[in-house]
Amino acid sequence: MDKESIQSLLGILIWGGLFVLMMRYGCGAHIMGGHGHHGGDKGADGGGTTKDPVCGMSVDPQHAAAASVHEGKTYYFCSPSCRDKFEQAPQKYLSASAPEGGEHGGHHHG
34 MDKESIQSLL GILIWGGLFV LMMRYGCGAH IMGGHGHHGG DKGADGGGTT
84 KDPVCGMSVD PQHAAAASVH EGKTYYFCSP SCRDKFEQAP QKYLSASAPE
134 GGEHGGHHHG
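Heads up: the sequence shown begins at 34 in the working numbering, then just goes up one per residue.
Be a bit skeptical, because a hint or two may be false.
The following label-pair restraints were derived from C-beta to C-beta distances [what the hints assert, rightly or not]: (1) L46 / G105: 42 to 50 Å; (2) E104 / K36: 29 to 37 Å; (3) A122 / S38: 39 to 47 Å; (4) Q124 / S41: 55 to 63 Å; (5) F52 / Q95: 17 to 25 Å; (6) E37 / S101: 47 to 55 Å; (7) Q95 / G50: 14 to 22 Å; (8) H96 / Q124: 25 to 33 Å; (9) V102 / G81: 16 to 24 Å; (10) S41 / L127: 50 to 58 Å; (11) M34 / Q121: 53 to 61 Å; (12) H96 / S128: 23 to 31 Å; (13) T107 / S38: 48 to 56 Å.
Straight-line C-alpha distance at most 25 Å; calculated SDA-like pairs for lysine to any residue [what the hints assert, rightly or not]: (14) K118 / S101; (15) K118 / S91; (16) K125 / D93.
Simulated from the structure, these hints should not be mistaken for laboratory data.
Please read all numbers here as calculations on a predicted model, not as lab measurements.
Glycine is no exception: its CB is placed at the ideal position from the N, C-alpha and C atoms.
Starting from the given sequences, assemble the full structure and let the hints guide the process.
In structure tokens form, the structure reads like this:
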């Protein structure tokens, strides 16, 4: 193989690797259903998942799309839009026994 072929192959491998990473951990995880619906609900300190207080979705704190600190406690969110809703009215979501619209129902990321 000549130098140009090797460079082309390396470029394809690098872009392919980035694609796989984004599908596994980035925006593609939302599309593919990998939205934190695994593991136990151990919370940030237990190495498991925690619940998004806005939509009720399970969120892995290490891969959360957003986080917010309220009264000394960190809350993790599946999307920046959920975090923004929480920050506008945290007591609304902390006092609610169930998220609005059921389990992740009716909200849109964007």
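Verification of the hints:
1. L46 / G105: 42 to 50 Å: Holds: the Cβ-Cβ distance is about 46 Å, inside 42 to 50 Å.
2. E104 / K36: 29 to 37 Å: This hint is violated: roughly 60 Å between Cβ atoms.
3. A122 / S38: 39 to 47 Å: Roughly 58 Å apart at Cβ, these two residues miss the hinted range, so it is violated.
4. Q124 / S41: 55 to 63 Å: holds (57 Å)
5. F52 / Q95: 17 to 25 Å: Check passed, 22 Å falls within 17 to 25 Å.
6. E37 / S101: 47 to 55 Å: holds (50 Å)
7. Q95 / G50: 14 to 22 Å: holds (21 Å)
8. H96 / Q124: 25 to 33 Å: holds (27 Å)
9. V102 / G81: 16 to 24 Å: With a Cβ separation near 20 Å, V102 and G81 satisfy 16 to 24 Å, so the hint holds.
10. S41 / L127: 50 to 58 Å: Given a distance of about 54 Å, which is inside 50 to 58 Å, the answer is holds.
11. M34 / Q121: 53 to 61 Å: Roughly 57 Å apart at Cβ, these two residues keep to the hinted range, so it holds.
12. H96 / S128: 23 to 31 Å: holds (27 Å)
13. T107 / S38: 48 to 56 Å: holds (49 Å)
14. K118 / S101: holds (11 Å)
15. K118 / S91: holds (17 Å)
16. K125 / D93: Judged against 25 Å, a Cα distance of about 23 Å means the pair holds.
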